[in-house]
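If you want the working numbering, it's the 1-based position in the sequence shown plus 509.
Please keep in mind that the hints were generated in silico from the structure rather than gathered at the bench. It should be emphasised that the depicted structure is a prediction, and the values quoted were computed from it without experimental measurement. Beta carbons: idealized from backbone N, C-alpha and C, even for Gly. Hints should not be assumed to be uniformly reliable.
Pairs of lysine to aspartate or glutamate, EDC-like flavour, derived with a Cα cap of 16 Å [stated by the list, open to error]: (1) K664 <-> D590; (2) K664 <-> E570; (3) K604 <-> E560; (4) K604 <-> E623; (5) K520 <-> D590; (6) K520 <-> D583; (7) K567 <-> D658; (8) K608 <-> E623; (9) K567 <-> E623.
Cβ-Cβ distance ranges computed for the label pairs, FRET-style [what the hints assert, rightly or not]: (10) N539 <-> L620: 37 to 47 Å; (11) L600 <-> S644: 24 to 34 Å; (12) T544 <-> S605: 38 to 48 Å; (13) D590 <-> S564: 15 to 25 Å; (14) T574 <-> T599: 46 to 56 Å; (15) G648 <-> L620: 16 to 26 Å.
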Amino acid sequence: MKQINLDKGKKFEDLLLNIIEMSSNSCSLNIAEFTGRIRVRIPLWAVIIGETSHSLLKAMEDSRTTSVSHWYSDYRLPFPDTENLTVYATLDEFKSICKSQTFRCPSCGQLSVEPFFCEVKSTKLYCNWKAYGYSGCLGRGHRFVIKADLIQTPKVPEIFMPFDLEDSCGQQTHKLI
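Please model the complete structure; the sequences and the hints are all you need to start from.
Dropping the structure here:
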């Protein structure tokens with residue numbers, strides 16, 4: 510098993526303190542919660558994408574376009590679940606794996622060309638399921654990170670399972686209606 514070094518170092522802590530100082534006037538920032546989230550999650554994400562904690566936090570801070578509390582929120586920077594997470598170096602790498610550009614709706618099982626919502630509108634079936642809804646992809650989606658995008662926009666998308674990845678991800682193909 511790979512050893513994870515969570516030693517963040519002085520540069521990381523100095524940068525974190527600088528971010529807190531610049532955001533100290535924000536009413537929506539719970540400093541204890543924020544620092545705890547950053548001290549735990551940034552080093553874990555750094556290991557996943559092959560960066561140092563300081564370089565990842567610096568790059569994310571340089572790209573930040575909104576408040577600290579929103580940019581580093583649980584929604585945008587979740588605790589990394591590495592068992593159900595795929596890391597792609599680039600968007601082109603993801604596209605090369607998903608050549609068919611079709612995705613399996615987790616609700617009705619039909620194929621869709623849209624990765625985030627089902628557009629099935631036949632006479633027998635009208636699904637309209639959304640990957641970004643309350644129930645997400647019902648545990649049948651594909652969670653992934655594109656390394657460069659995580660730095661620019663910290664967010665872990667979940668999309669419908671790409672048809673090309675169904676067998677490799679151990680997903681049961683749905684019985685078509």
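Quick rundown of the hints versus the structure:
| no. | hint | in the structure |
| --- | --- | --- |
| 1 | K664 <-> D590 | holds (13 Å) |
| 2 | K664 <-> E570 | holds (14 Å) |
| 3 | K604 <-> E560 | violated (23 Å) |
| 4 | K604 <-> E623 | holds (14 Å) |
| 5 | K520 <-> D590 | violated (26 Å) |
| 6 | K520 <-> D583 | violated (24 Å) |
| 7 | K567 <-> D658 | holds (14 Å) |
| 8 | K608 <-> E623 | holds (14 Å) |
| 9 | K567 <-> E623 | violated (34 Å) |
| 10 | N539 <-> L620: 37 to 47 Å | holds (43 Å) |
| 11 | L600 <-> S644: 24 to 34 Å | holds (27 Å) |
| 12 | T544 <-> S605: 38 to 48 Å | holds (39 Å) |
| 13 | D590 <-> S564: 15 to 25 Å | holds (23 Å) |
| 14 | T574 <-> T599: 46 to 56 Å | violated (22 Å) |
| 15 | G648 <-> L620: 16 to 26 Å | holds (19 Å) |
In summary, the numbered hints that this structure violates are 3, 5, 6, 9 and 14.
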